[in-house]
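K.L.:
In case you want the letters, here they are:
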Amino acid sequence: ILNVEQSPQSLHVQEGDSTNFTCSFPSSNFYALHWYRWETAKSPEALFVMTLNGDEKKKGRISATLNTKEGYSYLYIKGSQPEDSATYLCAFPSGGSNYKLTFGKGTLLTVNP
Amino acid sequence: DGGITQSPKYLFRKEGQNVTLSCEQNLNHDAMYWYRQDPGQGLRLIYYSQIVNDFQKGDIAEGYSVSREKKESFPLTVTSAQKNPTAFYLCASSGPPNTQYFGPGTRLTVL
Numbered sequence: 001i002l003n004v005e006q007s008p009q010s011l012h013v014q015e016g017d018s019t020n021f022t023c024s025f026p027s028s029n030f031y032a033l034h035w036y037r038w039e040t041a042k043s044p045e046a047l048f049v050m051t052l053n054g055d056e057k058k059k060g061r062i063s064a065t066l067n068t069k070e071g072y073s074y075l076y077i078k079g080s081q082p083e084d085s086a087t088y089l090c091a092f093p094s095g096g097s098n099y100k101l102t103f104g105k106g107t108l109l110t111v112n113p
Numbered sequence: 001d002g003g004i005t006q007s008p009k010y011l012f013r014k015e016g017q018n019v020t021l022s023c024e025q026n027l028n029h030d031a032m033y034w035y036r037q038d039p040g041q042g043l044r045l046i047y048y049s050q051i052v053n054d055f056q057k058g059d060i061a062e063g064y065s066v067s068r069e070k071k072e073s074f075p076l077t078v079t080s081a082q083k084n085p086t087a088f089y090l091c092a093s094s095g096p097p098n099t100q101y102f103g104p105g106t107r108l109t110v111l
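Going down the list, the sequences are from chains R and G. The first sequence begins at 1 in the working numbering and counts up by one. The second sequence begins at 1 in the working numbering and counts up by one.
It is worth saying that the hints were derived from the structure and are not from the lab. Each residue gets a CB set at the ideal place from its N, CA and C atoms; glycine is no exception. Since no wrong hints were added, every one of them can be taken at face value.
Once the Cα atoms are required to be at most 30 Å apart in a straight line, the calculated DSS-like pairs of lysine-lysine come out as:
#, chain 1, residue 1, chain 2, residue 2
1, R, K58, R, K105
2, G, K14, R, K42
3, G, K70, G, K57
4, G, K57, G, K14
5, R, K42, G, K71
6, G, K9, R, K105
7, R, K78, R, K105
8, R, K42, R, K58
9, R, K57, R, K105
10, R, K42, G, K70
11, G, K57, R, K105
12, G, K83, R, K105
13, R, K69, R, K59
14, G, K9, G, K70
15, G, K9, G, K83
16, G, K9, R, K42
17, G, K57, R, K42
18, R, K57, R, K42
19, G, K83, R, K42
20, G, K71, G, K57
21, R, K78, R, K42
22, G, K57, G, K9
23, R, K78, R, K59
Below, a sample of chain G positions facing chain R; criterion: calculated Cβ distance under 10 Å:
#, residue
24, G3
25, G40
26, Q41
27, G42
28, L43
29, L45
30, Q50
31, G58
32, D59
33, L90
34, A92
35, S94
36, P97
37, T99
38, F102
39, P104
Bound-form chain R, shown alone:
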């Protein structure tokens, strides 16, 4: 089983703060890197699928970067809002297939009003 590490485990910020967290994954045999957001009492929701080294994707105030050579991805949230409070998960395909995802344990973000 591959090791997908996320840090920090949890994060508390004030409304309006910008924040970022990390996903580390094996740098060999890279295929894709997935980011999901999981709000309490809801289903996980896809944010990004990243495939190219140096790739940067953006969705509103949330953006992500990817470094496949060193095996990490950063997720940034600009001007955090209480509705951004969620667990952010990254996932990495294992076994050479994009179907079999290994998920990290997630970063729990709490944005205080």
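Using the hints, position chain G against chain R.
P.N.:
Just chain G, lined up with the frame of chain R:
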């Protein structure tokens, strides 16, 4: 509305009983998945199916079984051989480029 439904939301089972969790999707996705979540752990893949009548074991398949007779449906059976079945179970489906869409989950408790 397109989406994934899982039923029931809560399920209680006595030790030694098999139980089947339902997952249906109307997104016309070929691939479907079952995950398990335990406190302090990431989502762990139980089984996945890339196409009808075909499925593969994930990382923690022991004590579980699945079938994929229809594109829309991927039921998961938790058998009595699963030593610690109490958990939250999530079903997902995907089309290209394998962005996964998740259902609302089933919480299984063994009494």
